[in-house]
Structure formats: C-alpha cells, structure tokens
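Trainee: Residue strings, one per chain:
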Amino acid sequence: MTQSSIEIELGYLRKKIGREKDARMQAEVLLERKSTELFGINQRLLEANQNLDVIVARRTQALKTSTKRVELTTDELQNTVNRLNLVLDIANAVTWLFDVRNQTMDIAGKSQSLLGIEPTKAIPADDLLLRIHTDDKKELIEELNLTLKKGKAINIRCRIMSRCGSFRWFLINGELSSFGAKSSLCVIGSCIEMHEQVEREREIWRVANHDVLTGLPNRNHFESQFAVLASESLASGEGFTAALVDINDFTQINDTYGYRIGDGVLRDFADVLRGYSEHTSHVARLSGDEYIIIFKSNVATWSAHELCQKLIDSCATMSLQNGERLGLSLTMGLAVFPKDGGSLDDLMQSVYSAVQVGKQKKHIGSSCVLYNAAIERERFREKDIRNALKLAIEKQSFDLAFQPVMCNESKCFVGCEALFRWPDMDPQWNIQEVIDVAENSGLILDVGEQVIAMAFAKLSRLSEMGVKKWVAINVSPLQFQFQDVPQLISKALVKHNVDPSMLVVEVTENIFLENITRIAAVLSQLTKMGVRVAIDDFGSGYSSLRYVQMLPIDKIKIDKAFIDNVGSGTESQGIVQAVINMSHSMGYKVVAEGVETQEQLTALQSMGCDYIQGYFFSKPVSFDELIKLDDFSKGSPLVLKTHLGRTL
Amino acid sequence: MKGIIFTEFIELVETTYGFSIAAALLDGCDLPSGGAYTAVGTYDHQEVLTLVGQLQKLTGTPASDLLEAYGLFLFPKLAAQMESMSLKFDGAIDLLCSLETIIHKEVLKLYPDAELPSFNIQNINSKEIVMEYRSCRPFAHLAKGLIDGCGEYYQQTLSVSMKHLNTKTEFHTLISVRQS
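These protein sequence lines map, in sequence, to chains A and B. Residue 1 is where the first sequence starts when you use the numbering used here, and the numbers rise one by one after that. Residue 1 is where the second sequence starts when you use the numbering used here, and the numbers rise one by one after that.
This is chain A alone, in the form it adopts within the complex (with noise of 0.2 Å):
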C-alpha cells in the first residue's frame, strides 16, 4: 500500500468517523424525539387505561345490575310458576292452550294425570276429545266454536274421563288469545276438577226436587218440568192428559196399621205408577197422598182413562209388609192440557174439581173423573162464590138470622141459634153452598170471625135489655185448626161485658177428624171460661160416642134428617130415643133440630127430649123480629101458638 492510498484511507476513515458522529447525533436526536414521542403515546395509553378501566368497571357494574336484575325477576317468575302450580294443584287443575292452526292442546299442571294424559308436550285435539262425554261433546265444540268466531269466553261443565276410566265432572273455562314469537291464535284456559261438588250439587238438587220417601219427583221439580212440558206442548200443538190421584182415606191406613206400614204403602204405589212408565212422561208426588201422573201427548184421553181405571183395579188389592193384603181406593180426577187449563194452576185446579167430584162418591169405592164442561161450570159458580165472598168480608155485608129453641119441660124459648147470612148474596146461590165455599176456601175464617163478632153485639143487646137467654154460633173445625178461638171469644166476652153462660159453641162432627186431643184441650178452654159447647148436627158425619164423651160439652144436637123421620114409626125414632137415652146417661142435654110438625113435637117430648128447635116454632128471623116475639123477651111460657098458627 502506497503512502497516498494510506492517506487516502485515512482521510476516509477520520471522515467515516465524523459522518459516524453525525449519524449518531441525528440517531440520539431520533431516539430522544422517538422517546418523547413514546412517552407521550404511553402516557396516553395510560389514559386510555385508566379511561378504559373505568368504563369496564361501569359496565362490570351495569352488568351485574342487570344480572342480578335477572336473577330477581327469574326467581320471581319460578315463584310465580310454583305459585301458580300449587295452586293448579291444591285446586286439582290443569292449564291448556288449545293451537287453532295446530289443532293441538298443550295441558300443564300436576293434576294433568287426572285426565289420564301423560306429561308430553301437546297432543291432537281430536284425541282430546275422545275422552269427553258424548252428552257433553257437542256443547264443548260449539263453545269452543263461539269462543273462535265471536270471542266468546268458554264456561262450561263437562265430564272427561280420567285415568281409571270413569268420567269425571270438570269446569272449563277459556278466552281467545294468541302466543309464541309469531302471535298464533289459540285458546287459552283451565281446567278444574270439580266432580265432587258438581255429584254433591246433584245429590241436593236430587234431594231438594225429589220425595225422599217414594224417590218421586216432588212438587217443586214437578212444577218445573210441567213448565218446559207446556212450552213444548203449546209449540207442537199437542196436548196431554194430567190425571190427579189422591188415596182415599190414606190417614186410615196409617192409624191403622201405623206409619212404618203407610210408608211402605206409598213406596209400593209408587212403584205401581212407575210401571206405567211407557205411557206417561211424568209422575210426581205433590203431597202426603197426592200424585200427578201426565200420560205422553201420543196417549189419548180415553186411553188416559182406561189406563187409570187399570190402575185403580191393580191397586183393589196391595200386600202389606206385614203380610195383610189391602185394597187401596183412589179416588182420580183427569184434564187435558190445554184444553181444560192453559197453565199449570188452570190444569191443577181442573183436575182437583174432578178429584172433588170424584170424592163425593168415595163411599162407594175407586173413582176416576174427567173433568167436564158440568164440573167446569161449578167451579166457576165457586169460583164466583169466593170471590163475592172476599169483597163481603171486606165490606162486612153480613148479618145474623136467629132460630128460637124451646125448652121442652118449660115450654119456654131458652135461647136461639144464630145463623149466617148474606143480604145481599146472589139469588142463585143457597147459603149452605155459600158456608161450604168459605170452608173450601179458607174464607171461613174472616166470615167466622164476623159472626162471633155480631153474635157477641146481639148478645150484649139481649143483656142490656136484661134478656137472659143464650145465643149459640157455629164455629167451624177450620176455625179450631187455624185461629185461636178461646182467645177470640175471650177478647169478645171482656170487649161486651157478656155472661159466658149465655154463649154456645156449636161444633160439627167433623171437628173428630182433627187431633182428639188438642180439640178437647181446646173445648176445655172455652168450658172454662162458662161458655157452653154444644155438638151440631149430631148423626150425620162421624158420629162417636166415644169421642163425645171425650169432649166438655154441653149438648147434642140431633140432625135434622133423623128428626124429619120421627113420630112416623121409622127406624129413625129408635135411633133418635137411643141418642136421647145415651146423652142422658152421659148428662148432656139433647136438642132436636128441624122439628116442622106437630107429630115430631108430640113425639120428642115424648121421648124426653131436652130442647126443640125449628120451624114449627119459629124460622129463622132477623134479631128485631127476634125480641119482638112476646115468649122469647118476657121468658114465660109459649102461648104454644107458632107462626104456622098451630096451637101446642
């Protein structure tokens, strides 16, 4: 190497190493800018961090809000659902979704085993609905139906059957609805079991509508299906016959062979009117002894009554539990529906005018009446009869006619009975048919009341005129059974300053036909007080000796059909002396009544007979003829001259 290629080298070199300063001056000068720079980045980074550390831990917070929110709202709704299910659950129920596009039914709730339906998802509703009742199927589609197209809710009782195979009452109930992310139309709704209560509801109504006796329908059920059978008669325009059956004298029966034989008697005759099962719609049992049958519309009248007839045949002769055979009379009363009443009143009371018709020859057995035009133009008279009644007893148009009696040993009048009347009552009526209607009616009470009321008037007259003489009233059994009587003429004795001796209580037989018992403690009650009691008409109903001698009274008082019959040699003077001689013995006095003739008189006293009243004497007259007869004021003996001009 030559001197000037060494200097050139090193010419190079001390240059390479000033370029090398200057190149490290401009890479310090880099480095420092790049530190600065990335100083500058890192401390932004920083920020960023810290920037970036705080959104995370407001998002970390936010995050865990809304789980936490979640987990709330999550446990909320599984307490809900457990809620809800218990609840499914304690009320044996189930929920279900019934998919309109599907056709499927999803069911859920514990109970679903109720159904007989496994825990699956949904099922086609057709499979569903094979397990509904076939009595029950066609409602539940056509609910389902309206629910559908009218968005009607869904109520309704039905039988499903359950896993063991029965059926079993379920409610339904469901609304329109829609679900799931795409808002599919379905129907929505529960299902509970109510198969005990829906079988106790029909255990009551089965109690409540039927005899528990007979397991007949009774009245209240009976009217209920006469009104649908009406509806549906009038619809079709054809009738029916209605056959009203009452047992003669059943109260016979049961004192006689006692309630647990009655009753059995009754079952059996319910039975029997089962057995015409083909021919009638209904039977029902409307009262101790009354039973309605209505024959089917395809049933004529006349068949109606042949069949009545069999009827009344088949029970001539009924076996007893006792092992006694016994015939039973039944006395049955026929109207057509609605030709002899166009409503269930109209027809019963049709078919009780023929019972009544009928029961006027009960004496001589079975009868079976259809109701006629006869019938019907006497119950209108009756029915007239009441309703002239009703506006008598509010107008007080009564009055009293008053029949002198006549003392046989004094031959003076000693009192009088006073008899009803009406002034102004309809000329075609007669006063006995009037008291029998006021009977029938219950309207006896209030004409009774009037009567003891005017009674009570004329007899304080008769005290305020110092005429000592008693006046007798009729008071009828009703009366015994519904009012108080003792008090009503206790009232009136205190009301009139009255002696009580002066007032006789005329009672009919018929009054045996109530409890013995309460009659006689009633009477007693009356005797007590110094009224006097007298038994009406003695002989002409359930005449007993023995219950007369039961009773505290005073008199008898012959009727006068035994009386018309005296002093003619008949069988009728016999048995008029006998009641005379057995009254004696019991130390009653004995009126006759009706006594016309002077044949009868001559006979009576006689026969020793205490008191005669009648038309020989006197008729009844008004209470100013009464006083004006000279015998009955004064008290003396009769002139023995009677208003027939006959001299006794």
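Because the hints were derived from the structure by calculation, they are not lab data. As the structure is a prediction and not an experimental result, all values here were calculated from the model. Heads up, a few of these hints could be off.
30 Å max Cα-Cα, derived BS3-like pairs, lysine-lysine [stated by the list, open to error]:
#1 77(B) to 34(A)
#2 109(B) to 34(A)
#3 21(A) to 109(B)
#4 137(A) to 152(A)
#5 21(A) to 2(B)
#6 77(B) to 16(A)
#7 34(A) to 2(B)
#8 21(A) to 57(B)
#9 15(A) to 57(B)
Got chain A; can you put chain B on it based on the hints?
Mentor: The following block gives chain B in isolation, referenced to the frame of chain A:
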C-alpha cells in the same frame, strides 16, 4: 427510505471495493445527508440512486448488477430482523408468497411512514410464481438481488427472470421465480 438500506450499501462498498472507492464514492456525490446514515433514520431514495450511479462510474459495473449484488448482500440483514419479529417460512417461495400479506404488514406496523413497493403474486404451481413489481422507484433489480439472497438463505436454487413493463408513471416489472 429506511437508513438500513444506506448503511448496508456503504458497508457493501467498503467490504467489496475498499475504503478508497468508498471515499471516492462519497466524495463524488453531493449528498444532502452528507453520507452520515443511521439505520433508524429515514432518507431520500434519490441518494441511493446517486450512490449507485456514482459507483457505476467508479467501478464500471452496471447499476443493475450493483443493485442485484446489493440485494444479495442485504437479504441476510433483513432476514435477521425478520427472525427477531418471529416471522418464519417454509422456504423461499413461501416467503415470497407472504411478502405482501405478512411481511409488508409487519414492516408497516414498525415504520408506518415506510413507502413499500407492491407485489402481486401469481402462483403457477407450488414451485413457480410470478411476482408483479410495481413502484415509483426503479428498484426491480434490488428486488431480484433480494430474491436471490432469499434462495441462498434457504439454500434453495432459484431461477429468477425479469420482464420490464415500465411506464412513464410507474416502474412495473414481472419477476418469474422458479425453484429447481
């Protein structure tokens, strides 16, 4: 252009031609930087062209050859940096195929202001590719030298041929690489 290109070029000149040529080279060029380069700095690419042109005058070696020789010399230095970045490839073709998709992306992360050429790669088969070089700078031969250096680095024999399609606005060269 990154400083390493300059520092390594000076290093190549010093190693290959000696200090006297290196002194003549630097003295003969009126470089804005004065030839004081640091690897981490950034310098105008015109200085490389000036240096290569001056070296061509001093040595009589064509600029294209000088650039290819420089690429061959430079590749191991770049490979060392690549390894420090944990970039690994199965071989030369694999690396060349990943030039645009992986290596340039990583370079841009380090030097966001770097101005890199684009290489559109056409795969002929597993051992042959065509690289479409596009740049505003005339460094297609430097690219060829680097490809050669890549083959040496992986000890694979590569046949590299070039077809220039330069326009007035762009340097465009198709570089075919086949591994034999």
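Trainee: Next, verify each hint and record whether it holds.
Mentor: Do the hints match the structure? See the list:
Taking the CA atoms of residue 77(B) and residue 34(A), the gap is about 23 Å. The hint holds against a cut of 30 Å. With a C-alpha separation of about 15 Å, the suggested pair residue 109(B) and residue 34(A) falls inside the 30 Å cut-off, and the hint holds. The suggested pairing of residue 21(A) with residue 109(B) holds, with an alpha-carbon distance near 29 Å, which does not exceed 30 Å. Of the pairs offered as hints, the one joining residue 137(A) and residue 152(A) holds, with about 18 Å between alpha carbons and a cut-off of 30 Å not exceeded.
A distance of roughly 19 Å separates the Cα atoms of residue 21(A) and residue 2(B); the hinted pair therefore holds under the 30 Å criterion. For the hint pairing residue 77(B) with residue 16(A), the CA-to-CA distance comes to about 21 Å; that is within 30 Å, so the pair holds. Straight-line distance between C-alpha atoms of residue 34(A) and residue 2(B) comes to about 15 Å, which keeps the hinted pair within the 30 Å bound. A hinted pair counts as satisfied when its Cα atoms are at most 30 Å apart, and residue 21(A) with residue 57(B) qualifies at roughly 28 Å.
With a CA separation close to 22 Å, the supplied pair residue 15(A) and residue 57(B) stays within the 30 Å bound.
Hint compliance for this structure: every hint is met.
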